[in-house]
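Trainee: So the sequences go chain by chain: A and B. Anchor point for the first sequence: position 118 equals 124 in the numbering used here, and the numbering is continuous, going up by one each time. Anchor point for the second sequence: position 693 equals 718 in the numbering used here, and the numbering is continuous, going up by one each time.
Be careful, since some hints might not be right.
To be verified - List of simulated lysine to aspartate or glutamate pairs, EDC-like, C-alpha gap at most 20 Å: (1) B:K734 with B:E662; (2) B:K180 with A:D137; (3) B:K891 with B:E110; (4) A:K62 with B:D406; (5) B:K217 with A:D54; (6) B:K345 with A:E83; (7) A:K116 with B:E110; (8) A:K62 with B:E662; (9) B:K92 with B:E59; (10) B:K383 with B:E460; (11) B:K332 with A:D54.
Unchecked claim - Sample of chain A residues facing chain B (criterion: CB under 7 Å; computed from the structure): (12) F25; (13) D54; (14) A59; (15) S63; (16) V64; (17) E86; (18) V90; (19) V92; (20) V112; (21) D115; (22) G118; (23) L122; (24) Q130; (25) E134.
If you're looking for bench data, these hints aren't it; they were derived computationally from the structure. Backbone N, C-alpha and C fix where the C-beta goes; we use that ideal spot for every residue, glycine too.
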Amino acid sequence: MLMSVLFANSSGNVLLERFHSVPGEERLHWRSFLVKLGTDNLNGARDDELFVASHKSVYIVYTVIGDIWVFTVGKDEYDELTLVEVLHAITSSVKDICKKAPSERVFLDKYGKVCLGLDEIFSQGILEHTDKDRVRRLTRLRPLVE
Amino acid sequence: MALIQPAPKKDDDREDDSEYSPFYGIEKGAVLQEARVFNDPQLDARRCAQVITKLLYLINQGETFTKTEATEVFFAVTKLFQSKEVGLRRMVYLIIKEISPTSDEVIIVTSSLMKDMNSKTDLYRANAIRVLCGITDGSLLGQIERYLKQAVVDKNPVVSSAALVSGIHLLQSNPDIVKRWSNEVQEAVQSKASLVQFHALALLHQIRQNDRLAISKLVTSLTRGSVRSPLAQCLLIRYTSQVIKESATNTQTGDRPFYDYLEGCLRHKTEMVIFEAARAITELNGVTSRELTPAITVLQLFLSSSKPVLRFAAVRTLNKVVAMGHPLAVANCNIDMESLISDQNRSIATLAITTLLKTGNESSVDRLMKQITNFMSDIADEFKVVVVEAIRSLCLKFPQKYRTLMNFLSSILREEGGFDYKKAIVDSILILIKEIPEAKESGLVHLCEFIEDCEFTYLSTQILHLLGLEGPKTSDPSKYIRYIYNRVILENATVRASAVTALAKFGLTIDALRPRVLILLNRCLYDNDDEVRDRATLYLKTLGEDDSCKQFKESLFEELDVPLANLEASLQSYNASEVPFDLSLVSREIKPQQLAEKKAPSKKTGKDFGSKAANEALPLGTSAPDAYEKLLSSVPEFSSFGKLFKSSAPVELTEAETEYSVNAIKHVYLGHVIFQFNCTNTIAEQLLEKVSVVVDSGDAEEFDEVFSKHIESLPYNVPGQAFVAFRKPEGVCSAGKFCNTLKFRVNEVDPATGEKEDEGYEDEYQLEDLEVTAADYILKVGVSNFRNTWEALDPEFERVDEYGLGVRENLQEAVQAVVTILGMQPCEGTEVVASNARSHTSLLAGKFIGDIQVLVRLSFGIDAQKQVAMKLAVRAEDQSVSDAIHEIIASA
Chain A
7 MLMSVLFANS
17 SGNVLLERFH
27 SVPGEERLHW
37 RSFLVKLGTD
47 NLNGARDDEL
57 FVASHKSVYI
67 VYTVIGDIWV
77 FTVGKDEYDE
87 LTLVEVLHAI
97 TSSVKDICKK
107 APSERVFLDK
117 YGKVCLGLDE
127 IFSQGILEHT
137 DKDRVRRLTR
147 LRPLVE
Chain B
26 MALIQPAPKK
36 DDDREDDSEY
46 SPFYGIEKGA
56 VLQEARVFND
66 PQLDARRCAQ
76 VITKLLYLIN
86 QGETFTKTEA
96 TEVFFAVTKL
106 FQSKEVGLRR
116 MVYLIIKEIS
126 PTSDEVIIVT
136 SSLMKDMNSK
146 TDLYRANAIR
156 VLCGITDGSL
166 LGQIERYLKQ
176 AVVDKNPVVS
186 SAALVSGIHL
196 LQSNPDIVKR
206 WSNEVQEAVQ
216 SKASLVQFHA
226 LALLHQIRQN
236 DRLAISKLVT
246 SLTRGSVRSP
256 LAQCLLIRYT
266 SQVIKESATN
276 TQTGDRPFYD
286 YLEGCLRHKT
296 EMVIFEAARA
306 ITELNGVTSR
316 ELTPAITVLQ
326 LFLSSSKPVL
336 RFAAVRTLNK
346 VVAMGHPLAV
356 ANCNIDMESL
366 ISDQNRSIAT
376 LAITTLLKTG
386 NESSVDRLMK
396 QITNFMSDIA
406 DEFKVVVVEA
416 IRSLCLKFPQ
426 KYRTLMNFLS
436 SILREEGGFD
446 YKKAIVDSIL
456 ILIKEIPEAK
466 ESGLVHLCEF
476 IEDCEFTYLS
486 TQILHLLGLE
496 GPKTSDPSKY
506 IRYIYNRVIL
516 ENATVRASAV
526 TALAKFGLTI
536 DALRPRVLIL
546 LNRCLYDNDD
556 EVRDRATLYL
566 KTLGEDDSCK
576 QFKESLFEEL
586 DVPLANLEAS
596 LQSYNASEVP
606 FDLSLVSREI
616 KPQQLAEKKA
626 PSKKTGKDFG
636 SKAANEALPL
646 GTSAPDAYEK
656 LLSSVPEFSS
666 FGKLFKSSAP
676 VELTEAETEY
686 SVNAIKHVYL
696 GHVIFQFNCT
706 NTIAEQLLEK
716 VSVVVDSGDA
726 EEFDEVFSKH
736 IESLPYNVPG
746 QAFVAFRKPE
756 GVCSAGKFCN
766 TLKFRVNEVD
776 PATGEKEDEG
786 YEDEYQLEDL
796 EVTAADYILK
806 VGVSNFRNTW
816 EALDPEFERV
826 DEYGLGVREN
836 LQEAVQAVVT
846 ILGMQPCEGT
856 EVVASNARSH
866 TSLLAGKFIG
876 DIQVLVRLSF
886 GIDAQKQVAM
896 KLAVRAEDQS
906 VSDAIHEIIA
916 SA
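Please construct the entire structure, taking both the sequences and the accompanying hints into account.
Mentor: Shown next, in the form of structure tokens:
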């Protein structure tokens, strides 16, 4: 199960979060935990440099693109290696939508499109599509190229 | 979560950010107002999309809508289906899922979505499926099932995936419907689209997870064919490994089915697949080193990868291999792992260290500790706790290295850290002091230094308690006094009280120190806390008296060996009079009512319960055998029986909620057996007198009754113990069945005053039978290394035989039955049988009466007719014991 996908700016403010099967009261802890990971490790990191952590049997793979921190949290079959796939699908789509590694402003300007992209990439904690070109077409309701 | 920081303030409206954010100053009420544009007759698609984006932003920020607000937005959104603008339509699909309307509202959009589901545009179909399946309930699902089944095999992969992923979600809520799609899903597994195959495989496995044959066929066909996506390949590996676990190894060739497939996956081009295969191999039951080697080799290569995720995955897998009992297999990777100690990623470094601590040999300990010291300062507490625990086990493994490890623990104890971390260190030192006698003195000194500057009351009191117990037994007890008395001067009341008690213990144990301790205790009389003053006064008084009441003094510091509830009941019924209160008359047995209350919901746990309840009833810090020994030693007639070998768990001899409640504990000695009957009178209007249990040993030929002790008086709800002792041949595991009758004199009493109302009459009450079996003569004592202990026992005394156990439901049941009959301790987790296994080996250890080590290897096999056969191999320090074990099984 993909438990969470969370975007934050480089000050640690949450911009977009998705949780699946995580009770409301635990979400607060996750937010703080992820933001702390970002503060500890992501300042000065290269774009798309992957970081990994685990907490008990839950895995976290995260990175930075432009001004945006992106975290993925998973357990069971969504282990660190599958999360790399998920994170790659997300970051490549976000960069595609924003035309580059986004600043916070660009990310917020494209917020609606980013939400649509995420909706195609995973659905209630299950990975659905990974290819950025396909995701782009799907968010525009354009048929796939054969 | 361990790392809890104050939550970051979301959407922080800082000055410098304000110009950036298009959502600056966003406010729910205003957005809901804006949402009215959805109702405009002339829809402005662009503006509507903007409002939906704002709604999404609010939702993604954790904002919630009231039911009315959500309903209003939902109804407004449904109007947007009129628009033909595709961008807006896509947003509408998303916002409907996010608002998740209630079941009575869903009906409003159903027709629009059904229309889209039949649309010629594939993507309308895909989205309509996802939305409908996301918001609909079972009744509506029946209506659209036909479309969903078609969608599963749709030629457009997006539609197919939408239906399959929806199926995975729906399987939780409507399994019956989704299970009917299995033919279509099976077809989708063969799809050329890689993600469709991935989704179909996941769904098919979930649908058929209880059908072993189907899963086995699925795995067989797919491992031969081609699986397109690495994600699907990972699933397949996982399912394959499950099939392997459930199938037996080919006994002739020793080959494991599908092993070749797993090994082949180690050469896959995708790292995800390689790791999945390596993990599957390392987790195989009874994996051999030949099977492990290729997987370990691959993992070793990844240890030096430039990608942190791969290093993490590799070291995590190796850590697991070690944890599963194959430290030698990982030894080749030690050098690579040592370089990971300095890895920037602390998760990787911690995993590397804990793995190394488990695989390292004695000679590498010093080097390892040097590296860890540098590392400890810059990791978080939660990682430190893991390292401390690993060091504790290392020290127990190499006790000769205690000096290095103890020094390390004491040095980290001086550093900054939170409670959990400090507690882990203190606990480790306490365990090492207990397990390694040589480490005691240095450990105590380290702890003394720690409490000089300890901010945690709990830890200080725990350490002071230990100092009081162990300090007086050391070579130079006086040196601890200063540390303890410092606490009296400098600490809070709780710690001061503990320190006073610790001081008094020194005074009591060591005559030479007593005068000086008395001086110190005198100073505590002016403490401003009641408890501290009370303790000081009590100890001064008792220590000041002459040695004639030494026993009384000692008892001051012992834990109370009576259940507090019983003490309370006795104290309440005690009337201040000439006769002083006698603690020894308070019952030591837990009230059967309490047992019964706890027992009610735990029928399933069965036998284990009794012992657990008995343990719970015992005072803190006293183990069950200790408490029983104390109780039995209070009866002079038992003093000649020698050392108590084993006490059984309580066996109930009455039904729950009967007027008299009786349970029995069997105490086994070398040449005697004592039955302890715990009796409780549950009728408030009765007082029972001269309560005894008459035991008929007609069916127990080797037992001769030698003594019986009755209960003088058994008032309502105060438990009492009657005893019956038997002589039996020494060292022989005599078995027998005993019929029991409770005999007593009943007096009617006034429940209010407790006064007798009549003369009373004799009565008796039939109890259940009690059996003494072979298992009563075997102590459950595990061994740390079964193999070594087995090898060390003389093969000459090994006895092997085969037995048929008849038809059993599964192997687990057979294993459980044999373990229960033998009453031995299963080792290395071998009492658990993999589900559906065809064969299994269990290792048991125990001490036979007379302190004779005995080990048992049980090999089970089950055939298609569920007939179970068992090979029993026994080794013991005495041949007669090996034979006795076989007799137990043969006669069971």
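Trainee: For each hint, tell me whether it holds in the structure or not.
Mentor: Here is what the structure says about each hint:
The hinted pair formed by K734 of chain B and E662 of chain B meets the criterion: a straight-line CA distance of about 10 Å does not exceed 20 Å. Restraint check for K180 of chain B and D137 of chain A: satisfied, since their Cα atoms lie roughly 18 Å apart, inside the 20 Å limit. Annotation: proposed proximity of K891 of chain B to E110 of chain B is violated, straight-line Cα distance about 65 Å (limit 20 Å). Straight-line distance between C-alpha atoms of K62 of chain A and D406 of chain B comes to about 14 Å, which keeps the hinted pair within the 20 Å bound.
Using a Cα cut-off of 20 Å, the hinted pair K217 of chain B and D54 of chain A is violated, with the two alpha carbons roughly 31 Å apart. Pair hint K345 of chain B plus E83 of chain A holds up; C-alpha atoms about 16 Å apart against a cutoff of 20 Å. Taken as a hint, the K116 of chain A and E110 of chain B pair is honoured in the structure, with Cα atoms around 18 Å apart against an allowance of 20 Å. For the hint linking K62 of chain A to E662 of chain B, the alpha-carbon distance of about 56 Å lies beyond 20 Å, and the restraint is violated.
A C-alpha spacing of about 18 Å is found between K92 of chain B and E59 of chain B, which places the hinted pair at or below 20 Å, so the restraint holds. As the CA atoms of K383 of chain B and E460 of chain B are separated by approximately 19 Å, the hinted pair is consistent with the 20 Å bound. Taking the CA atoms of K332 of chain B and D54 of chain A, the gap is near 12 Å; set against the 20 Å cutoff, the hint holds. Because the beta carbon of F25 of chain A sits about 9 Å from the nearest beta carbon in chain B, more than 7 Å, this interface hint is broken.
Hint on D54 of chain A is violated. Least Cβ distance to chain B is approximately 11 Å, over the 7 Å limit. About 5 Å separates the beta-carbon of A59 of chain A from the nearest beta-carbon of chain B, less than 7 Å, and the hint is met. At about 11 Å, the closest approach between the beta carbon of S63 of chain A and any beta carbon in chain B exceeds 7 Å, and the interface hint on this residue is violated. Because the smallest distance between the Cβ of V64 of chain A and any Cβ of chain B comes to about 10 Å, over 7 Å, the interface hint for this residue is violated.
The restraint placing E86 of chain A at the interface with chain B holds, with a minimum CB-CB distance near 5 Å, inside the 7 Å limit. This hint holds: V90 of chain A has a C-beta 6 Å from the nearest C-beta of chain B, less than the 7 Å allowed. Proximity of V92 of chain A to chain B is violated relative to the hint, the smallest CB-CB distance being about 10 Å (cut-off 7 Å). Given the 7 Å rule on beta carbons, the hint for V112 of chain A is violated: about 10 Å separates it from the nearest Cβ of chain B.
For D115 of chain A, the interface hint holds, the least distance from its beta-carbon to any beta-carbon of chain B being 6 Å, beneath 7 Å. Checking G118 of chain A against chain B: minimum C-beta separation of about 4 Å stays under 7 Å; hint holds. Proximity of L122 of chain A to chain B holds as hinted, the smallest CB-CB distance being about 6 Å (cut-off 7 Å). Here the hint on Q130 of chain A is kept, as its CB sits about 6 Å from the closest CB of chain B, short of 7 Å.
Here the hint on E134 of chain A is kept, as its CB sits about 5 Å from the closest CB of chain B, short of 7 Å.
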